[in-house]
Structures are given as C-alpha cells and as structure tokens.
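Asks: Residue numbers (the working numbering), protein chains in the order written: chain A, 89 to 526; chain B, 89 to 526; chain C, 89 to 526; chain D, 89 to 526.
A couple of the hints might just be wrong.
It does not matter which identical chain is used: a pair holds within one copy or between any two.
The calculated PhoX-like cross-link candidates involving lysine-lysine, where the alpha carbons are at most 20 angstroms apart (straight line), are [said to hold, decoys possible]:
id: 1; residue 1: K102; residue 2: K410
id: 2; residue 1: K498; residue 2: K302
id: 3; residue 1: K344; residue 2: K362
id: 4; residue 1: K410; residue 2: K498
id: 5; residue 1: K354; residue 2: K246
id: 6; residue 1: K246; residue 2: K102
id: 7; residue 1: K246; residue 2: K110
id: 8; residue 1: K102; residue 2: K302
None of these hints come from the bench; they were simulated from the model.
Number of protein chains: 4
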Amino acid sequence: MADGQSKERLPEEKVFKDPVHKYIYVQDQLIWDLINTREFQRLRRIRQLGTSYLTFHGAEHSRFSHSLGVYEITRKIISQFERSGYAGWPKEEKLVALCASLLHDIGHGPFSHSIEDVFDAHHESWTCRILLEDTEINQVLRQFDPSYPERVAAVICKTYHEPIVVSLVSSQMDADRMDYLLRDAYFTGVNYGTFDLERILRVLRPHQGRIVVKESGMHAVEDYLMSRYQMYWQVYFHPVTRSSEIILRQIFRRAKELHGGGYTFKWMMSPLEKLISGTIDIRDYLALDEALVQTAFSAWANEADAVLSDLCHRFLDRRLYKYITMDQPDEKLWQEIRNQFSAIGLHPEYHLEIDFPYDMPYHVYRPGSTKRADKEEKPPILLLSGEDHLSEISRRSDIVRSITGIHQGKYHLYYPEEPLLESAHRLPANIRELFALM
Amino acid sequence: MADGQSKERLPEEKVFKDPVHKYIYVQDQLIWDLINTREFQRLRRIRQLGTSYLTFHGAEHSRFSHSLGVYEITRKIISQFERSGYAGWPKEEKLVALCASLLHDIGHGPFSHSIEDVFDAHHESWTCRILLEDTEINQVLRQFDPSYPERVAAVICKTYHEPIVVSLVSSQMDADRMDYLLRDAYFTGVNYGTFDLERILRVLRPHQGRIVVKESGMHAVEDYLMSRYQMYWQVYFHPVTRSSEIILRQIFRRAKELHGGGYTFKWMMSPLEKLISGTIDIRDYLALDEALVQTAFSAWANEADAVLSDLCHRFLDRRLYKYITMDQPDEKLWQEIRNQFSAIGLHPEYHLEIDFPYDMPYHVYRPGSTKRADKEEKPPILLLSGEDHLSEISRRSDIVRSITGIHQGKYHLYYPEEPLLESAHRLPANIRELFALM
Amino acid sequence: MADGQSKERLPEEKVFKDPVHKYIYVQDQLIWDLINTREFQRLRRIRQLGTSYLTFHGAEHSRFSHSLGVYEITRKIISQFERSGYAGWPKEEKLVALCASLLHDIGHGPFSHSIEDVFDAHHESWTCRILLEDTEINQVLRQFDPSYPERVAAVICKTYHEPIVVSLVSSQMDADRMDYLLRDAYFTGVNYGTFDLERILRVLRPHQGRIVVKESGMHAVEDYLMSRYQMYWQVYFHPVTRSSEIILRQIFRRAKELHGGGYTFKWMMSPLEKLISGTIDIRDYLALDEALVQTAFSAWANEADAVLSDLCHRFLDRRLYKYITMDQPDEKLWQEIRNQFSAIGLHPEYHLEIDFPYDMPYHVYRPGSTKRADKEEKPPILLLSGEDHLSEISRRSDIVRSITGIHQGKYHLYYPEEPLLESAHRLPANIRELFALM
Amino acid sequence: MADGQSKERLPEEKVFKDPVHKYIYVQDQLIWDLINTREFQRLRRIRQLGTSYLTFHGAEHSRFSHSLGVYEITRKIISQFERSGYAGWPKEEKLVALCASLLHDIGHGPFSHSIEDVFDAHHESWTCRILLEDTEINQVLRQFDPSYPERVAAVICKTYHEPIVVSLVSSQMDADRMDYLLRDAYFTGVNYGTFDLERILRVLRPHQGRIVVKESGMHAVEDYLMSRYQMYWQVYFHPVTRSSEIILRQIFRRAKELHGGGYTFKWMMSPLEKLISGTIDIRDYLALDEALVQTAFSAWANEADAVLSDLCHRFLDRRLYKYITMDQPDEKLWQEIRNQFSAIGLHPEYHLEIDFPYDMPYHVYRPGSTKRADKEEKPPILLLSGEDHLSEISRRSDIVRSITGIHQGKYHLYYPEEPLLESAHRLPANIRELFALM
C-alpha cells in the first residue's frame, strides 16, 4: 500500500534539464517508471500548441515537456505545503497527486482540438482508458498499488474523494495552467506569460478541501490572470493560428466525407482509417501522432480529390486562408457570400469559415459557481483573509472584474485568397469591396 | 539587376517573433518570398538538433527557426558595417549575403548526419541542387535576378568571388554558429551557450576580404569560444544523444541491408524507398521529412525482421542503448566482446557500437590554415590591432590555446542492456565485470 | 547652428554597459560632453527611488543610470522614426530631444519628494536654472549653439514650439516612464515592470504633433499600463517605503522647526543650512546630495533634541514606524488618537502620520484632457486606426478603463511601536485594540 | 544551547525580494535579529564594488545585498546536504554556518581596499571585533548562545574546529564568491558572471571535512571558473576602475600626509580624523560609511591644499587619470618620467601611479596547497570520483589548467591628462611620444 511516501524512493534523485523550471526533479521510482512508458514517451510526438508553430516558429514544444512541467509545479506546491506543515493538506495523497499531474494530458492525440471537433473524440475519455485499460502505464500503476489506476483516473475526472487533490490539478489557477502559460510564453518568445511563480507558490494555502490564496497575494494573482488574458489574445486566439486550425479541420472533414462516400484513397494507414471510420481502439489511438498526420497530408497532397489535395498543400506549405474582420454577426450577408462563392465555383463549406474566438474552449477567467454544476466549470480563485474568510477574487479586484467574461472577440471570415482574386470581376461590387478586391 | 538595395523593399517591415533575437526583421520582398517557398517551409518539419530532444526535452526547435536566426544575425552585422561606413564591406553584396545566410541549410534532410553516413548523401550538394534546379526557391531567385541562384550557391559552396561574403556565412565565428549556440542553449535550457552577441557584433570589422575582430574584443571572443566548448561537451556530444543517433543509424543500415537482400517491407513509401535504393531525385528528397521517417519507424516496428522491429521500438519508446566508457582504444578486447556477443546470439554489427566523439563533424576550435586547402577547414579567428596587424587568436589567448584541438574524448561502447542481462551467466567473467553484470 | 545632425559626431561611437538596455550608445560629441559635466555626474549620488532601498535592497540605482536610460529610449524612438521615414517627425529636432531626455531630471536633489514637500522646492524649476544659469551644462549647450539652453529648457517645461518633442519626453507613455518601469523592476527584482519595449517602439508613430500608437499595438500598451499598475502597488506605494519617507520628511520638518526656533545644531554644513533657512542658491543646491544628507543624519543622531535624534537613528538603523490600516477616513477617531498620544507623552505631529497613497504624485493612468489645461496633466495615450482616426485608449480597452482612476488606496496610520508598547496600559481599550496592544 | 535547530523558528518564514536569487528566505529568529542590528544595516551604506560604479553605472549595489546573498547560498547548500542526508555534514553546525555567512563582511568599511592600503586597517580584524566587542550583533549572538560570538568569529577567521564549516564560507568555490560573481554580473549588466548555480549546488558533497565536487560536475565548475576569469578581466581589473581607486587612495594619502604635517583642515569629522591619525576605535569605525567619505571629499574640494582639492574634484566629477600601457616593467624609464614630471611642476608621488593588476588581492584560481600554510591561501577545488578518490581540478581540466596562475597583466601608468597637455612642449620627445602628446 502506498502512503504518500514512495515505497521506493530513487537511490539518487534524477533531473531533467528544463528551460522553464531550470530542472525537473524526480525522486520516486513510480514517477520515473511512468515517464519511461511508451504512452508517455509518445507525448514527445505531439506538439503542445498544435498549429501555433505556424504563427510563432518557436512554439514547437511537445506535450511531453509540458507534462513534466505540470508535475514539477505540483511537486513544488506539495513540497511547500509539507515544509510549512499546513493542516489542510492530506500528506498521504502526494503520490496520487503527482501521478495525476504527470498524466493529465496522456489522452491527447495529434492536433486534439481539431480532431475532437471532427471525430467527436475526447481526450479526457482517452486519458481514462489509457489509465485503466491494457497499457504500460496501467501496468506500472497497478504494480505499485492496485488501486492507483482508478485513483489517478478519479483525480483527473474530478470525482476523487479528496477534492483538494482535484483542485491542485484542475482549477482556475492549477499547475496545468501555470505551466502552460510560462512554457508557451518561453517557446513563442512573447513576454506576456511571465508571472512570479515563486511568489504564487508561497501564497497558496490548502483550506477546507480547496487551494486558496492568502489575501496578501492578490496582486500576484492579478498579474497571473493578466498574463493569461494577454496570452489568450496574443497567442492562443491569434487569427493566423485560427486559420491553420481551420485548414486542418477541413482536411479531416473532407477525408471523412470522402471516406463516407466510398472514395478510395491512394494512401492510407490503418490507425487513421479507423479514426475516420469511427472504429478506432486504444492500440490504434496510441499509434496516432503528429508524424502520422503530417505524413498523411504529404501523401494526400497527391490525391485525386482537388479539395483535399489543395487543403493539404496549403497546410504543408503554409499557404493559409486570409481573413476579413467584422464586429457584428450578419447572417444575411454571410449567406450572400456563400451564394456568390458557389456562383464562381468555390465550395463554401470548405472555402469559407466564420470564426468567433468566444466559441473556443478557453475563457480568460470566469468566477464560476462553487458548486460545479457544469463539468467544464473550473472552481474560481478564492482569497483567504484572516483565518477563514474567503472571497472570490473578482469581487475584490477591479482588474480581475474587468477581464471576467470579457468578449473582445470579433468575427473573422476565412477564405482562400487566390481563387477570389482570379474571379473578382465576376463578383458583385459589395462583395468585392468587403474582400478588398479593388 | 540587383544592386544591394532591394529592387522591391517591402512597404512595411515584417517581423517574426523569435525567442532568441526577440524579433526577426524582414525588409526585402525577396527575403519574404524565399521564406514563403515550400522548400523553406519544409524546414519546419526538420529538427535543428536531430535526436537531441531525447536527451534535452526542450530541444524540439526546427531548422526553420535557426535559418531565420542566421539571417537575422547576418542582417545585423551588415547593418552595423553600413552604419559605421567601413570601407572593407562591398555594399552591393548585401542581398546575396542575406539570401545565402537564410538558405545555407536548405539542403538538410531529416536527421541529416545519420542519413548522410548511411546513404552517402550530403546536405551541401542538396543545397546547391535546390538552389539551381526546378524549385520554388530557384524561381524566386531567378525572377529577382537571373544570376542570383548561381551567386547564392557560390557563397554557400565557398567559391564566391567576394571572400568576405563567404566569411560572413562560413568561418569560425560566422552567423550560423552564433545563432545555433544561442538557440540550442535557449531551447535545451542549459546556460552555457550564452555570450554577448551585441558586443561581438560591435567588434567585427571587414578587413581585406575577411571578417576580423578588433583587438579589444578578445575577451568577448574567448567567452564565445568557451560557450562553444561547453555546448559541445554538455549538449552536442552528450552520450545519450549519441546513443539515440546510433539507434537511428542502425535502423537505416538495417533497412538498406534488408532492401539489398530483397526483403519485402510490409510498409514503405516511395521517397524512402528511393533513398534506400540510392535512386532518390530532388522531388523525392524534398518529400523526406522527420514526420515521414518517424511514421516509417512506427510502421517498421511491426515488420517481421526482429532486428529492425526492435530498433524501431527502441527509438520510438526511447529504450536507448546503454554505454560503458573506456579511456583508451583496445581493439583486441573489442574483438573479444564481439565474439562473445555472437556466442550468446546477439548481432555485434547492430548490438555493439564503439563511439569516439572526436570522429564527429565538430571541433571546438582549430586555428586552421589561412589557405583553406581543406574545404572543411574554416578560416580561423583573427584579431586586428591598430590599422592592420592581424594575429590568430590562439596565439594571443591562453584560454583559446588551451581548448584548441583539445581531445577529452573517451571511447563509449553502446549496447542493448536487456539481452546482456538475460545471458549474463553465459559470458566470461572479464566481460561480465566490464559491463557491470554482477 | 545645429541642424539635427550633430556638428561633431564622435569619431567612434561610445557605449555604456547598461543592465536594462544592454548598451547605451553615444554618437554625438554634445551628448558625451553633457554626460561629463559635474552637474550630470552628481546624479550618481542621488538614488532613483529615494528610500525604496530600505524595502527592496536591490533598489540602489541612481538617477544617473536612469537618465542615460531615458536618453537611450529616446534615441531608439527617433532612430526608428528616421529609419521608417515618417513624415510627422521633424528631423532637425533630434539633438534637442536627446538633450532634453538626458537632462530632464538634472534638477533632482536627494530624496526629492520629501525635500520638496518640506522646503517647497521644485526639481522642475531647479532643472531650468541648471540649464540656464552658470553651470558646466549651460556652458556645453551654449558652446554648441547659443539657443540650446533655452530650447532644451522649453522642451522640459513643455512650452516648446514643437509639441511632438515635448510628447517624447513627457506623456503617459514617454521615454521617462518606459525607462523607470523597466529599470526599477530590474533593480528591485520584481518581475512586474517588464513589458515588450521593442514592440512598443515599433508601434509608435509621430502624428500631428503627438506620438500616438498604431492600433495593432493596443495589447502591448495594455501590458505596459498593467506593468505600471503593478509597479505602483507593489513597489512605489509599498507601505514600508512610505514609512521611511515619513521618517525622512519628519527629520527635515524637525530640523526646520528647530532652526526656526533658534536651536544651535552641534553639526551643520552650509548647503544644508541654506536649504533649511530657505536661502539656498544654485551652487549650494548642487552641493546637496544623498551623501551629505546621510552624513547629516549620522551627526544629528547625536543632537541634544530627542525627537530629531530619535528620528535620525530610526532612519539609519531602519527602525521604521509601524502602521495600521483603515478603509475609511475617520477624523474623529484620529483626533482621539492624537489626544491619547499626547496624554502618554508622545508628539502627535511627529509620532502619528496618516497617509493615503492617492495623495502621492503618481497616478496609474488618467485619460486626461487633450488640452493640457493643468500643467501636471500628461497627454493621454491615443490609438491610431487607419490613416488618421484617433481614439483615447481607455475607450477601446476594458482593461485600461478598469485601471483608469482606480483608487484601491487605504489609509495607513504610521507610528513608533516601542513607546506605545511601553505605555499601552495607560491607553483606553479602543485605542489598545486598534493598535493590537494586547 | 543551540543544536542546529533554531531555538526559535520564526512563526512565519520571512522573505526579501532579491534580483539575483529571486527571494531570500529567513526562517530563524536569530538570523532575522542579526539583519536588524545597526551594524548590519550599516552595510547598506557601503557599496559592494567600491568605485566600480564609475565604470559600470549599474554597480551601485551594497554589501548589505551581497551579505544576504551569501547567506542564501549557504542556506541552500546546507538544505541540499540535509535533504540528501549526506553523512559528512554536521547538522548541529547549521546556524553557526548561516551566521558566519551572513556576517563575514561585517567589518568592511567604505572603499575598503583603498583605506586598508593607506591606513593599514584590515576588515577581517574589524569583523572579529564587531562580533566580539560591545555591539548589537554581539548582544544578539550572546543572547542566543554565549558561545556564539566566538564560534562565528572562529569560522570567519578559519580557526573553527569543524573545517567543513570554514570551507563553506571560505574556499575557491565558496558561497561568498558564488554570490558576488552572480551579483556583480547582474548589477554591472555584463553577462560573463553567469553560471549554473543550481547545478553546482547539486554536485557539492561534504567529504572528510571539506566541500568537494562530484566528478560529473567538472564542466559546471569549469564554467564557474571561466566566469570568474572573465569577471576579473572585464570588471574587477578594469583600468578605469583602477584609475578611480588610485585617485581615492591618493586622497587618503594626501589627507594623512597633511594631517601628519600639522595642516588644519577647514572641514573634518571625528571618525575620519581618528582614522587618519590612527586612533580609531570601534564606535568611530562603525560611523564611517561612504556617505561620510563622499561628504568629506565634497568639503575638501574647497580646501586650500591644491593637491587635495584637485584630487577631490577629480573623484566627484569623475575626471579620472588617463593611462598608458606597457608590457614590461622599465624602472629606468619610470624614473625618467618622474624626473620630467617634477621638472614641469607635477608631483610624481601623486601624479604618476604605476599599476599592475597582479598585485591586486585577487587571483583567478590557484590550486594552492591543501595544507593552508598561508592564511590567504584558499583551499583548492577537489573532484570526487567514486567513493573517495579526490583530485585537484586543474589536474583534470585543460581549461582550468590554462587559467591557473595566468598573468595577462600589463603595466598601466596613470596620470592627469591636462597638466601634461599644457606642458607638453617642455617635455623631451621620447616622453611626449610615450604619452601620445603629438
């Protein structure tokens, strides 16, 4: 049985050199063994930021390095709790928490958000299956303690009996977010994502099943939330990145459509075919990585289907869709554009995409309810004054209130530039003007 | 005709956010067009440091970002020369120099060093072919000025009539090395590769067809060379990286051997088959990228050939060879090991590799001759005192002399651990001791 | 006559190593000569952040280094304007602008804010006098161009005929503020003050006599203003710094009071005596520096007057006043405290100070009027969309609006702890409770 | 009795924000009380790098911040030893070691090296007196444990019975040096002094009464020693800094000479007079700080003695001596220069100083003897291979050997430029040529 002290502590601490945290320290045999499983190593072949490297060329870092980073921050938080002897932290949960933080992204596939959209997969459910089914990770966890696969899965699925462990891995200011802000800022090279991690770690307190923030740390949290705000608008919602995600999604949609229509691909590989046909199992899922997806695109660039071939070329050679911006929705205009696009031989379903960042799976900060009715709702950030007075941060901070639920989003209409330029003379004047075609 | 001033200057300067140089500035339409060719975009799919990401997980950056970095440093050097009005710099060569710095690595394929070793390809000759044959890059250069493809190729091949342009792109302290030291240090996270780039740029002087260093910059150059020394020993020659390169090379060797012997691969793709069979042309070469190689390894992990399958699994799951270290060569002992390995059923040609860093295509610093008899020989670093007294730096600096031609290298014997452990009882005592098997 | 091109350009560019900007570049003989005047060198003996080093021990940097930094940012902005060939920038004003940026703080004395409060001096008027009266600076400027002393003074006093030059040196996002945020963040070690200077420089545009910001730079400006907000609350308004400033001011007040009452100081120096008696001239003003003030405090710690001696000991040995915090003003309570303090032998006028940060000479951001009725009012930050649509930033940005005119300030009551502890038993219960005395 | 666990641990950890170590953590009441003594606070008024701020304007940091930094590194080393449970570290010595590291520089006065040269004071002996005589520090230590003043003094004087504690505070790679290299690099802004502190802390091992380095850390130590080498030549031995130190020393020499000759100073303060007359006691010594010295110089700039007045003006206004460089000593020539200087009315004893960096109290690295015959000799750096094989690093590392005992030093002749220029026509041709006077 595991009691928070590893049954086997490594004879000598291992370290990974990490650009964000300087070093990542591994002290437990269990953690070391998990890192060395094939499922965890596979994360090296999946980029943390999907297609963002097409906008920020430095953003080539993998989910492998992010997962180690989340683990390291969790380790530091717990170590701070233990050193300070805080009553609210259940010491025996340490290893479960470390495993959950290390493995919380294990279910991610290549370009997850796009694939999930098109094929209705969910990385969260794959995470649970990888923990619970026949994998090296499951084997390592089970050999350590038969209850570990379920316990770790419960933490990640937010059903664990100790809510504070869940809170560590999943809340508005969890180890996941703290690592990705710092890491994405480092690799993109923007300097918006930097906040004072060391100070934040010092003001966290375990309190009645939650991680809360000592009142004196309010400004540090404001700074963290502002970093998040800036990263969302400068990096995550960048319109060029959105354009590349749209291309990607359309490649998958087209492949699915063709496959459904009985099209014979000149090139195909089994895991991909199963993904497309909706029959993928865990073994094939684990064989999916970005290398396979990019190889498919290289091959499909030579397919007979013109739409698929064009989209694949666009992705590989970074000939992305251009965009125009609109402040307000205008369904009638949009329908007219679709009609005109059809009239000049374009496929509106592939050649026009209307995008609104607000629909994306991010929100800068929502105070949320503390009841977590919505499974997507992350618990809010609470400030602790005195012994036990809690207040939600947006009630205390003007800054936080100002970014809470902010929508600065505009509508972007994405489209391929060249065919429009070629057929500009056949379009009515209002459409030409909108797309700045003379 | 191009005269150093771009025929077309971009109406507004473009920038790339870059973690190493903060921003990369593009002012010329020609440079912008080159970056947007498919051959240049392909560099996004080739890692700068090959397999080093298996040792330093941050080292996932691509040759695309390095190429931009080399361009940016070259741009800064030239801009400093122009601002200071130095007589020795031929202003009309600016654009040729910028093109050469941007494109100097365009011929690299995936995991170049290993592939070059096994298939006797050379990225330098591919670079020339990409510049001179039917590619988008050739087209962009030719449209700018019909002489540009040849001129840029001549700079990269070191046959250009203005030696100072060659010196900028290829010397002991060229833009290439300055960028990769800084960049590799940034992405691995080690802090050895940092030197004062801004100061070095300020002490460079064009002088009689060479770039030399003002005497007062000697300590800055020492610091640069020490960074190089540290990076070589800490990063580039890291034994774990060497182990992964060995696995990679053996995969290619095995595939070539199998192919030569008429083996039918369950999975193959055309560019790879042509590489293996020695019939690759430029179109297929440009289709080779790391995605394709990794996809091949994933597929070959399921091949019938046990050696190939094992090697591919090892690479993908990072189950690398272990190593032992020896100070001196000992051919007799090595032969005995090979014999014993055979005796227990291993394939010495795949299961034992003896490695000596000195053989690798790097050297920390060699004063070299100034005559460049050897095409690999890079011109040495010269200090300029007064108006025109030049001296080679290792004659002036004790530090540089101490690292010149240094060999600290040891012999490493790489081998798979598990089969040895299993058959340990069948090995003689001296071999068991050597490999620390009980 | 000066025409923006220095009459004398330095034969070789000079540099200062600077931790914030890496290097500070001096290209003009005039700038070099100004830096070497005794009045400018004197800024080395005046700390940029006054007493903040008692809170943040790294904050020991001088106004000398800040002044060089303001010069360097101004130089970079102008150089960007010139390189881009923007129409709105009057090239012939370059040197005047550089002089004004270098010299804008030349009138500061030691611990300016406190001394200005007590002695009704103003560093701005001293700046003008140093430029216009008999000083080395005046001589250097006059020799360069007889009109320069007046022109430079006019820029600093905001009466110059070219408003854009004024705007560069004094606005809501001027070179002064940009340097001090970065510099103060660097030396204190907090990482709140860092924003992307290089990006901000790229989005500035001269436009109709003002420096405005290209619309696409809005997020960068938000980040800059958030840095300012954080620096104000974390550093500039830090209650411990306020406490040390209060002590300092009280020392001066006490010395003035004693002097006015005919007290004979055991130790006095002429420039200080003239300051206290209100008869200081420029020669004595320039002899005032922090060394002299601290030496005075060391000497006065041995004066017979108990109040003065105690205050000086407190300052030197960092035995600062404690404070309690109140959300709302309460004049009646405060009066009661004063009475009770008197009753136990304290001097309320020295032993109690009620402080409210809002009164301080800072405000995070005020949109201001564009008419500059109020001389203290700094012109607001304007965003430029398209060719000439301007909008004040707080109308466009929710973030900026949320920090505009924010008062989070609380009232702090500062007092010496020890005498209160000693006499706690003689105080009524409500006062004891307020000061947490049992 | 103290047992390594503080009798009083602070109820809540205190932190100082520090630019170099991010935060400095104080956990013991004793350390907190020592920091708050007036003798320790006095270190805020003494610059760490003396006159270097006249060369590197950022170098304005105090011995206060350095002392906290040495404490913090020591705390981290011990904490690493304790966490790893190394046998060789005597746990009960923790607090003594922390006190010694915090207080090792407590005896420094203003511009120590110059004052020590002229007045034959030694900061080491003042350190002992401050620990052992009637001071607040002595009182705090004694109240904690009556043996502490002597124990802490013994560590600093290297006579302590546990040599490993001495080794922590004073060796070739002690906490003192590690902090000052990082700190001086940070504040000057040069990037030579940065090495991987975290890695070095991880490879230190207590071993038979010494701190040694695990063999695998050799490259990290090389990097540390190279930083030291670069800092010495780029910062500590900078000829402009030397020039300012020479002026400073000559001011003191002149004042001493005048005082000895019965000269009546218009301005004098008691601690300074006692210093000059050799009768200074501890109370006056503690009243000496840089403020007082600079105030004296300001006052003495108006003294009747022309030599003293000129030197003081030079120091305050940074009108330093120029220098010429010679590779070899040449006593005969130097004597001729002195004669010629006299002939044109200069005072060779004040107007010519021949300086050789090798004489300065630094050496990059000397392997030293392990016997420490010479009290100044610092124990060398030893590498630990296996369980207990030790080797001195310069025997293993070519790099270290190359910088061991290196002298690149040249002779510098410092002199005031103006009087030489004025009388150039009266000097013989060889002297004119030497000083480049046409």
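Asks: Next, verify each hint and record whether it holds.
Replies: Evaluation of the provided hints:
Taking the shortest Cα distances, K102 and K410 sit within 20 angstroms of each other only across copies (17 angstroms), while inside one copy they are farther apart (47 angstroms). In the homo-oligomer, the alpha carbons of K498 and K302 lie at most 20 angstroms apart only across protomers (19 angstroms), although the nearest pairing inside one protomer, at 37 angstroms, exceeds that limit. Proximity of K344 and K362 under a CA criterion of 20 angstroms is satisfied intra-copy only: 11 angstroms inside one chain copy versus 31 angstroms between copies. Taking identical chains as interchangeable, the C-alpha atoms of K410 and K498 lie at most 20 angstroms apart only when both belong to the same chain, with a minimum of 15 angstroms there against 51 angstroms between chains.
In this homomeric assembly, K354 and K246 never come within 20 angstroms of each other (Cα to Cα): the closest approach is 44 angstroms inside a single copy and 43 angstroms across copies. Taking CA atoms no more than 20 angstroms apart as the test, K246 paired with K102 passes in neither setting, with 30 angstroms inside one copy and 35 angstroms between copies. In this homomeric assembly, K246 and K110 never come within 20 angstroms of each other (Cα to Cα): the closest approach is 30 angstroms inside a single copy and 34 angstroms across copies. Taking the closest pair of Cα atoms, K102 and K302 come within 20 angstroms of each other only across two copies (15 angstroms); inside a single copy the shortest separation is 33 angstroms, beyond that limit.
Violation of the numbered hints given earlier is confined to hints 5, 6, 7; the remaining hints are satisfied by the structure.
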